[in-house]
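There are 2 protein chains.
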Amino acid sequence: MAPTYTLYHGTFIQLPRHIPIDTKPSLGINTGVLWVSNRDGKIDGFDWSVNPDLEEALDLFVKSKGWSVWRDGVDAKDGVETVVIVKGGRDGRNGFFFPGFIDTHIHASQYPNAGIFGSSTLLDWLKKYTFPMEKSFGAEEEGERAPPQAYTVYNKVISRTLSHGTTTASYFATIHVPATNLLAALCHQRGQRAFVGRVCMDNLVFCPDEYHDAFSEESVSATKEVIEYIHKLDPEGKLVAPIVTPRFAPTCSHAALSGLGRLASSYSPALHIQTHISENKNEVLLVKELFEKSEGYAHVYDETGLLTPRTILAHAVHLTPEERALVKKRDAKISHCPASNSALGSGLCPVRTLMDDGITIGLGTDVSGGYSPSILEASRQACLVSRLVASQASVTTGRETLSVEEALYLATRGGAQVVDMADQIGGFEKGMYFDAQLIELGPAVESISHESSHDVVLGGTEDTGNVDVFGWENWEEKIAKWVWNGDDRNVRAVWVSGRLVHKRGV
Amino acid sequence: MAPTYTLYHGTFIQLPRHIPIDTKPSLGINTGVLWVSNRDGKIDGFDWSVNPDLEEALDLFVKSKGWSVWRDGVDAKDGVETVVIVKGGRDGRNGFFFPGFIDTHIHASQYPNAGIFGSSTLLDWLKKYTFPMEKSFGAEEEGERAPPQAYTVYNKVISRTLSHGTTTASYFATIHVPATNLLAALCHQRGQRAFVGRVCMDNLVFCPDEYHDAFSEESVSATKEVIEYIHKLDPEGKLVAPIVTPRFAPTCSHAALSGLGRLASSYSPALHIQTHISENKNEVLLVKELFEKSEGYAHVYDETGLLTPRTILAHAVHLTPEERALVKKRDAKISHCPASNSALGSGLCPVRTLMDDGITIGLGTDVSGGYSPSILEASRQACLVSRLVASQASVTTGRETLSVEEALYLATRGGAQVVDMADQIGGFEKGMYFDAQLIELGPAVESISHESSHDVVLGGTEDTGNVDVFGWENWEEKIAKWVWNGDDRNVRAVWVSGRLVHKRGV
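Chains as they are written, first to last, in the numbering used here: chain H, 78 to 583; chain D, 78 to 583.
If you're looking for bench data, these hints aren't it; they were derived computationally from the structure. Please read these numbers as outputs of a predicted model, since none were measured by experiment. Do not take every clue at face value.
One copy or two, it doesn't matter: identical chains are merged, so the pair holds either way.
Within a straight-line C-alpha distance of at most 20 angstroms, the following computed EDC-like cross-link-like pairs (lysine to aspartate or glutamate) qualify [stated by the list, open to error]:
no., residue 1, residue 2
1, 580, 540
2, 154, 523
3, 309, 158
4, 315, 287
5, 301, 550
6, 212, 550
7, 205, 554
8, 233, 550
9, 205, 550
10, 406, 295
11, 205, 553
12, 212, 152
13, 233, 540
14, 365, 133
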């Protein structure tokens, strides 16, 4: 019989659930114990009064709960609950539990192109690199299953994102139903929380030959197929959910957009929706041309029923004040993708302005417009971009600058709000899923004496990555060092709904 | 007896030595053999007609040269030259030799602060984080040796930069002579090519209490002490050289600047000089105020004899056209530090404009204004910044955008020009020092069959980093993937003057 609970002990760091407007969040840092029910993968409680470094304190705590420590193959006495104990990092390694990252915008199918975009910007990049790659996810013959490439790439994407601590991802797949279903199945099997969307694109003016929906009804009917598949795969939607995915206005007819809007609202609760908006100036002009009757880009989505509280709009670099007001009014969400916006030269997204408007924002990697599948990298880039926005202001107040804590807020709490799961993921509150990563920054750099200084040249110690802790740093400083120089080497383990889905090293 | 030569075989990738203005460089990709004389660490020749994958071809080549393969403890016959053979990467691991990176601007003493700068910008960051850290490198009592902290930090900086493939660094130390000498000694001992500068700052208006030169003569005399130490340490200047280092105009009196200018020119050849220029708008205003008689920031350095062909000016984000013309006229060099400029919100350096002016540019990490000691990260950031410059242009031609190859050019050839060693480092020409890194991107991602797809969750294969090669990429694409997602895990070995100074794994 499986253990009733898993008890995690050590340091738990998270961001506050709510930030009053005009204040900067501080890290919530607690040491103690937190236990997760293995029945539903949810946090059952925590106790920050237990000293996690004292074995006796742990023993006492376990006894006080009436639990017995679980042993494989040994059944507990009737009625006695069992517990497995997991330590938060090895001694002296600066370990801590952190909420799993939420990637609110990632194109799983584009992953093999990560880092390949030459000097292109959005529209030529799509035609030169992206569409040909996505096209290769089609089955050889209609009705057949996805090609081997889809298995390879989708497994790799899941492995990579998990290894970087991403516990929830909102994926764009391709237009192909079998490959999209496969992505959903793999996420379900591997245990990554995911929204999986079949990409819709029926506008032949912009879409390439041989990679588009035949007509607007196909956008809707093929999406429906995927929705049904995912609902069968995960009837309660505990891990994987469908998401309606019109690529973006330039690739979709008004009929397809409206059909998808109706489709999303025909379910109860309404389905999630994801698309792109105002990423690039030329794209904005193109939408103006294609939808000349609409007041703006956001209005195109609004008029077709796609601007909802469950809609994720990626990018939003060039929204007008009127569009921002509309997005806010509809409570639609924004996925900020700074690495992508810089890499494709799309521009500097004015995140502070969006935040001041009260719009809900999370982070996205936007692979492969973004070059990295890491939300830690996205957090870093969000900080950089905000500093560059500040540098462009005529009067520099520094307010535009995102703090490290704000970036991490967007990466966890913000992302949870964006996927409309703020009560379920993004933090360590009771009743939330235990979606978490165990981070280890590594041991402090030791003093090197004169005599031995020539010995360190070819030393072969364990690779704990590029964060160097010297020993004098407080937790805020250590977290800053993690954000700026951390990578997947610092991610020792990842859990989704309490299930271990990635671990690293011994 | 040591072997006469080391023969490296495999793929060698480099940038062209000269790029005609208005053209973009292409990668120079060759496979074959290259041999280095172990007498002086210089490249003695190469032959791209030898197939490095065929053992017989290697044997034949070695015989044709009249060499015998070196065996430890076995002396070759009189007059016979011996050779050690080094393979460029393991089979199927996408390995290649690349010129070592040149970091033209790094503050070794600030390394423990990497990633810690809060929301500050240049001037408050210096006061809050940087000066206190630098101050701690002082000896307890005058005349004593450097504190243990200096050993620890400087060794760590050398280890980290070597591990990222930096074979040459131009270091700022602190104002302390013993610690600066120590840095030079450690570089010499560990085998990293370095310029080491004792930081000069005597302007009490800006400098903090207890961390400044007592008077302008001290700036000069203390610098002289370090120069003499380094000249004794490395009389021929084969590995480590002194560099005159006025921190920047706001911290220096006119007398100190002039004294240092005279000092540099009193040597033959004239000494290298390094300082900062026009990093931040408020700094530019401050210089205007402090040096009201000067026409501009660059003019302050020119008037004090500091604007020379051997001068490295870090940043140059906000130079006026007149200043750019002056810098070009004096043939002074610029160290572009994009990670730092974004992290401190200094602004977007218009690199293309500087290049079009014909100014020589290299890359700098600017640790710890820059958060990372990696020049690969600086290359990536240079690409991102140039794309953002392009996005700000009223008409976007895409010309502003640095290609991956241009960024790597700056990281190697450009850096070599900046430190006035273009004939000696930065490429694989005959007669150059073998300053090189062996990169392995890792094996191609393999197809995963349906059946085994659930086995990959907790797999524990060798960690080859975040670059995923799928097998269809040409070298240009693999290099792009390296620039965008590579890190120190891809650096298998590093040589300076043919000496192995870093290796990774087995």
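Please list, smallest to largest, the hint numbers that this structure does not respect. 2, 3, 4, 5, 10, 12 and 14
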